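K.L.:
If you read the sequence shown in this note's numbering, its first letter stands for residue 1, the second for the next number, and so on.
Source of the hints: derived by calculation from the structure; they are not laboratory data.
What follows is a set of in silico ranges between Cβ atoms, one per label pair, in the way DEER data are often shown:
hint, residue 1, residue 2, range
1, Pro-184, Glu-505, 47 to 53 Å
2, Leu-474, Pro-389, 40 to 46 Å
3, Asp-499, Met-468, 26 to 32 Å
4, Arg-259, Pro-176, 50 to 56 Å
5, Ala-185, Arg-108, 44 to 50 Å
6, Pro-389, Ala-467, 36 to 42 Å
7, Glu-202, Asp-342, 17 to 23 Å
8, Asp-334, Asp-290, 15 to 21 Å
9, Gln-193, Ala-40, 45 to 51 Å
Heads up, simulated SDA-like pairs for lysine to any residue below, C-alpha to C-alpha not over 20 Å straight-line:
hint, residue 1, residue 2
10, Lys-65, Gln-217
11, Lys-65, Glu-14
12, Lys-65, Asp-299
13, Lys-65, Gly-152
14, Lys-65, Arg-42
15, Lys-65, Arg-11
16, Lys-65, Tyr-182
17, Lys-65, Ala-148
18, Lys-65, Arg-177
19, Lys-65, Asp-214
20, Lys-65, Ile-298
21, Lys-65, Ala-40
22, Lys-65, Leu-12
23, Lys-65, His-43
24, Lys-65, Val-181
25, Lys-65, Leu-88
26, Lys-65, Cys-418
27, Lys-65, Ile-41
28, Lys-65, Ser-39
29, Lys-65, Gln-151
30, Lys-65, Asp-19
31, Lys-65, Pro-419
32, Lys-65, Glu-420
33, Lys-65, Phe-129
34, Lys-65, Pro-183
35, Lys-65, Ala-153
36, Lys-65, Gly-144
37, Lys-65, Pro-178
38, Lys-65, Arg-421
Since the model is a prediction, treat every value here as computed from it, not as a measurement. Virtual Cβ for every residue (Gly too), placed ideally from N, Cα, C.
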Amino acid sequence: MNQTCASYLLRLLEAYGIDTAFGIPGVHTIELYRSLGDSAIRHITPRHEQGAGFMADGYARASGKPAACFIITGPGMTNIATAMGQALADSIPMLVISSVNRRDTLGRGQGRLHELPGQRETLAGVSVFSHTLLDPAALPEVLGRAFAIFQGARPGPVHIEIPLDLLAAPLEAPAPRPLRVYPPAAPAAAIAQAADWLAGAERPLLLLGGGCADAPQASRALVERLQAPVLTTINAKGVLGQDHPLDLGATASLPAARRLAAEADVVLALGTELGETDYDLVFDDGFRLDGRLIRVDIDPQQLARNQAADLALLADVGQVMHDLAEALPARAEDGRAAAVRDALALEADPELAPYVPLYATLRAALPEAILVGDSTGPVYAGNFLASLPAPRRWFNAATGYGTLGYGLPAALGAALACPERPVVALVGDGGLQFVLGELATARDLGQAVAVVIWNNQGYDEIRRYMAMHEVPRLGVDLAPPDFAGLAAAYACRYRAVGDPAALGEALGRLDEAASPLLIEVDAAAWMATTH
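Produce the entire structure from the sequences given, and follow the hints as far as they go.
P.N.:
Written out as C-alpha cells, the structure is:
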C-alpha cells in the first residue's frame with residue numbers, strides 16, 4: 001500500500017511510543033482509520049469527544065506518558081476543548097490530532113461541513129500550541145515540537161490539525177527518527193547557593209508539586225536529608241510514600257500549615273505553580289511566604305508567577321533534588337511537622353470526619369488502587385485525608401480547571417494505562433450525569449473498574465456554598481437516575497451501600513468479574529452512620 005500522510009503519521013506516533021488513541025471515527029477522519037488496523041496503536045472509542053480527552057488525561061496521569069486523540073473537525077474539537085483545558089491547567093501531556101477542512105476552503109466561510117471560522121485559533125487557548133499542517137513533509141518537525149514539549153518543558157495538550165486534502169495525499173518520507181529531549185540541569189553555582197541557604201536555615205520548608213511525580217526517590221532523599229516539613233500539592237500526593245512523618249499533605253490552605261509557611265526562613269518550592277487551588281482553597285489570599293524563596297521549575301514563566309523568588313532555577317526538579325541531597329549536610333528533625341499535624345487534627349475536623357471511614361475502607365480493601373475523582377464532596381475531603389503509597393495514584397478535577405464529568409472517563413484511561421492495578425472512580429450523582437454514556441465504554445473495555453457514586457441528590461457542594469452566602473437554593477436539587485437500572489442497561493454490576501462495612505464488602509468483590517462495578521453510596525445514610 002502506498003504511504004499517505006495519514007499512514008505516515010501513524011508510523012511516527014508508533015516511533016514516539018504512542019500505543020493508545022482515543023477517538024470517534026467520522027467522515028473527516030476516515031483516512032486516519034484506513035491504516036489503523038495494521039498499526040500497533042490500540043484504538044478506544046468513547047461516547048463523546050470530551051470523554052476521549054478525559055481518558056487521555058487519566059492515561060497520562062497514571063502512566064506518565066501521553067496518549068493520542070483522533071478528533072473530527074468542528075464539533076469534535078469544541079467537544080474536547082473542556083478536557084484540553086483541564087489538562088492544560090494541570091500540565092498533562094496530550095496529543096490531539098484533528099482534521100480540518102481542505103486548504104483551499106480555510107477561512108472562506110462557505111458553510112462547509114463542520115466548518116469553524118478559525119479552528120486552530122479556537123483551540124489555541126486550551127493548548128500549549130495549535131498548528132495547522134500545510135505541508136505533509138513538515139509532519140516530523142511538528143510532531144518533534146510536540147514531543148519536545150512533553151519531554152523537556154512544562155507539558156500540556158498539543159493540537160495538530162491536518163486538512164482533508166492532505167490526509168490522503170501520497171507522501172515520500174524517511175523512516176521515523178523520534179526526537180529525544182532532555183530537560184536542562186541547574187548550574188553548579190545555583191545548586192551551591194541553594195544548598196548554602198538551606199543548610200543555614202533554622203526553619204526550612206519544602207513545597208513539592210506535581211512536577212516531582214516522576215522523582216519519588218529523589219524527593220524522599222532530599223526530604224530525609226533536610227529533615228524539614230513538607231507541604232505537597234494534590235498532584236504530588238504519594239511522592240514521599242504513605243504516611244511519611246514529614247509529609248503534611250495538601251493542607252496549605254489550613255491555618256496551621258499557613259503559619260508554618262509564614263514562619264519558614266527558607267522555602268524550597270519544586271515543580272509547583274504556587275497557585276490558588278493548591279495553596280489558597282479558601283480564596284482569601286492568605287497563603288504567605290516571608291522567608292527566602294527558592295523556586296525550581298521546568299517553565300521559565302512559572303518561576304515569576306504567584307510568588308516572587310529570591311533564587312530561581314530553570315531545571316529538571318528530579319536532578320536538582322538529587323544534587324541538593326548530595327550537597328547538604330544531614331540535619332536533625334525539629335518537631336515542627338508533628339506539631340503542625342497535631343494542630344491540623346484533620347480526622348477530628350467535623351467537615352472531614354465523615355469521610356475518614358471512606359478512605360480507611362478504600363485503603364483496607366484496595367491498598368494499591370489508583371483513585372480518580374470528580375468534583376464531589378468525598379474528593380474534596382480526600383485531597384486532605386488520602387495518603388497514597390506512590391505518586392500517580394491520586395488525581396481529580398476538584399481543583400485547577402475544576403470541571404465536572406472527569407472522574408469516570410479519566411478512571412477508564414488510568415485502567416488502560418495500568419491494567420495491573422485496581423482503579424476506583426469517585427464521582428457524585430450530579431457529575432456522573434455529565435458522562436453517563438461512558439458507562440458503555442467501561443462495559444466495552446471489560447475491566448473491573450469500581451465506580452463509587454456519592455448520591456446526595458444533586459449538587460451538594462453548591463447547595464452548601466449557596467447556604468453559606470445566603471443565596472436562594474435554586475438549580476441544585478436534582479432527582480438522580482435509577483443507577484441500578486442504568487447498571488443493568490449497560491451490563492455493569494451494581495451494589496447499593498450506606499455504611500463503611502457494606503462498602504468494604506462491595507469493593508472486595510471488584511475482581512470477581514471483568515466488568516465495571518457501580519457502587520451507589522446513599523450519602524444521607526452514610527453521614528448518619530459515620531457522624
